[in-house]
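Protein sequence lines, in the order shown, are assigned to chains A and B. Residue numbering for the first sequence follows my numbering, beginning at 24 and increasing consecutively. Residue numbering for the second sequence follows my numbering, beginning at 2 and increasing consecutively.
There's no promise every hint is true.
Unchecked claim - Selected chain A positions facing chain B (in silico; Cβ < 7 Å):
| hint | residue |
| --- | --- |
| 1 | S53 |
| 2 | D64 |
| 3 | Y77 |
| 4 | A144 |
| 5 | G151 |
| 6 | Q152 |
| 7 | L199 |
| 8 | P201 |
What the hints assert, rightly or not - Far from chain A, some chain B residues (derived; all Cβ distances over 10 Å):
| hint | residue |
| --- | --- |
| 9 | S23 |
| 10 | G43 |
| 11 | R82 |
| 12 | S100 |
| 13 | D107 |
| 14 | G156 |
| 15 | A175 |
| 16 | G248 |
Said to hold, decoys possible - A few chain A residues that don't get close to chain B, going by computed Cβ distances all over 10 Å:
| hint | residue |
| --- | --- |
| 17 | R61 |
| 18 | R114 |
| 19 | G147 |
The hints are simulated quantities; they were obtained by calculation from the structure and are not laboratory data. Beta carbons: idealized from backbone N, C-alpha and C, even for Gly.
Listed here are the chains, written in short residue letters.
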Amino acid sequence: MIEDLPLRLSEDLEAAFPDVVGAYEGAVYSTALRMSGRPEDAADLAAEAFLRAYVALRAYPPARVGELQLRPWLLTIVLNLVRNEARAASRRPGQVPLADHHRPAPGETPDEGAQRHDGQARLGCLLGQLPEAQRTAVVLRHVVGLPYGELAQAMGCPEGTAKSHVARGLRRLRALIPEENR
Amino acid sequence: MSVLPTAAPEEDPLAAELAALSAPAPANFADQVIARWVEVDGPLGPLYVAFTDRGIASVCPVAWVDGADRFAESFRSRFGRPVRPAARPPAGLAAAVRSGRGTGLDYDLRAVGEFDRAVLAKTLEIPRGEVRPYSWIAREIGRPRAVRAAGSALGRNPVPILIPCHRVVRSDGATGNYGFGAERKVELLRTEQVDLDEELALGRRGIHYLASDTTGVYCYPSCAHARRITAAHRVELATPAAAAAGGYRPCRHCRPA
């Protein structure tokens, strides 16, 4: 049962932690994949997020563990990792900065850039052209399927703000999709 | 799971397309997060071995730690990674422990710095039954002045026994320090048939190399080639300079210079 995971974690972290991985690996992995746009790094980012969570859980008093909202808490961790990794990658010479993976090549329109990919990869590429807050909101809401309450927690903002990030992100996304595909 | 509180997304093609972008984690994803531990038997007694999807990450002889729980807990706090019992040991582990050759195994040394990793990779090359001085490690990894640093790196070796840091000794013939206690290092080397008394006796007389006057090659005393030299042809040498002056060349196996 997912509902009693925080309680079980607070009672026996080692016994319950594998179930936390099992319950949320899809959400954490999908977030890493769609926020970074780098399939080759997504599993490493997701694994690192769970390891950060594990170290934090070991240090938290049991009462705090028992009250955690695990899913938005884990997603906040992976969002921070993806952001830091993008920042570090943009500082490393010789590497394509993370955000540029989503950008069209010189001389291409955004849509031509997106057309280089097909199907799902194409929409994933368009997501990369949203401002970070809107992309985060759209990914957590519509890819991961988070309710607005958890979305607001994961983003650390009021629920109304989270909703408007989603709405604006969707509007922008629709504008990026070419006519024939709408 | 959670029921979406607002607009039904399946009515919106874009929302449906976005939902299709969610992806399951790769198969065996949990193994990228959670390590496993096993107990394996070896000539030096049973070992606790912890490993990840990348390779062996931590080793401790059963006799040196107060139970599997203690081993698992020290692994968790040292590496910040959960660990649970494994159904079976990783491929090749049992054979490596039996033969004292850890070269064929994969190691997960992500928690270890670059210098330490170079030291450990070099140490892996020292065969069972032989020893090398700390200065040999430092020279072989291209950091000839980092002799003390090499010793510190070996003291932090997360995979003792398999990466045989006990086979690195002082150049004066004494065995030197060991992370788990100097007497355990002596015990391990004796089990591996290293002639420690001979090492010490030579060292006391300032002899650090043995040469053969038939082959014209000089070695560290514990080198398999040095041990084959018969008494009549054995030449004792103090320094590589003395060896060169005598017309001897360094052994290609133990590389004393």
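Tested hints:
1. At its closest, the beta carbon of A:S53 sits 4 Å from a beta carbon of chain B; the interface hint therefore holds under the 7 Å criterion.
2. Proximity of A:D64 to chain B is violated relative to the hint, the smallest CB-CB distance being about 12 Å (cut-off 7 Å).
3. Taking 7 Å as the C-beta cut-off, the interface hint given for A:Y77 holds, the closest approach to chain B being about 6 Å.
4. About 9 Å separates the beta-carbon of A:A144 from the nearest beta-carbon of chain B, more than 7 Å, and the hint is not met.
5. Interface hint at A:G151: violated, since its Cβ lies 12 Å from the closest Cβ of chain B, which is beyond the 7 Å cut-off.
6. The restraint placing A:Q152 at the interface with chain B is violated, with a minimum CB-CB distance near 14 Å, outside the 7 Å limit.
7. A distance limit of 7 Å between C-beta atoms decides the matter here; for A:L199 the minimum to chain B is near 11 Å, and the interface restraint is violated.
8. Hint on A:P201 is violated. Least Cβ distance to chain B is approximately 13 Å, over the 7 Å limit.
9. With a cut of 10 Å on Cβ distances, B:S23 falls inside the contact zone with chain A, its closest approach being about 4 Å.
10. No beta-carbon of chain A is positioned within 10 Å of the beta-carbon of B:G43; the least distance is around 27 Å.
11. Not every C-beta of chain A lies more than 10 Å from that of B:R82, the closest at about 6 Å, which undercuts listing it as non-interface.
12. Remark: the non-interface label on B:S100 is consistent with the geometry, its nearest Cβ contact in chain A lying 33 Å away (cut-off 10 Å).
13. The beta carbon of B:D107 sits about 17 Å from the closest Cβ of chain A, which is more than 10 Å, so the claim that it is off the interface holds.
14. The Cβ of B:G156 sits about 24 Å from the closest Cβ of chain A, beyond the 10 Å cut-off, so the non-interface label holds.
15. With a cut of 10 Å on Cβ distances, B:A175 stays outside the contact zone with chain A, its closest approach being about 40 Å.
16. Taking the minimum C-beta to C-beta distance to chain A, about 50 Å, the non-interface status of B:G248 holds against the 10 Å cut.
17. Chain B leaves A:R61 outside its interface by the beta-carbon criterion, the shortest separation being 13 Å against a cut-off of 10 Å.
18. The Cβ of A:R114 lies farther than 10 Å from every Cβ of chain B, with a closest approach of about 19 Å, so its non-interface assignment holds.
19. With 10 Å as the threshold on Cβ separation, the claim that A:G147 sits away from chain B is violated: the shortest Cβ distance comes to roughly 6 Å.
Taken one by one, the earlier hints fail for this structure at numbers 2, 4, 5, 6, 7, 8, 9, 11 and 19, listed in ascending order.
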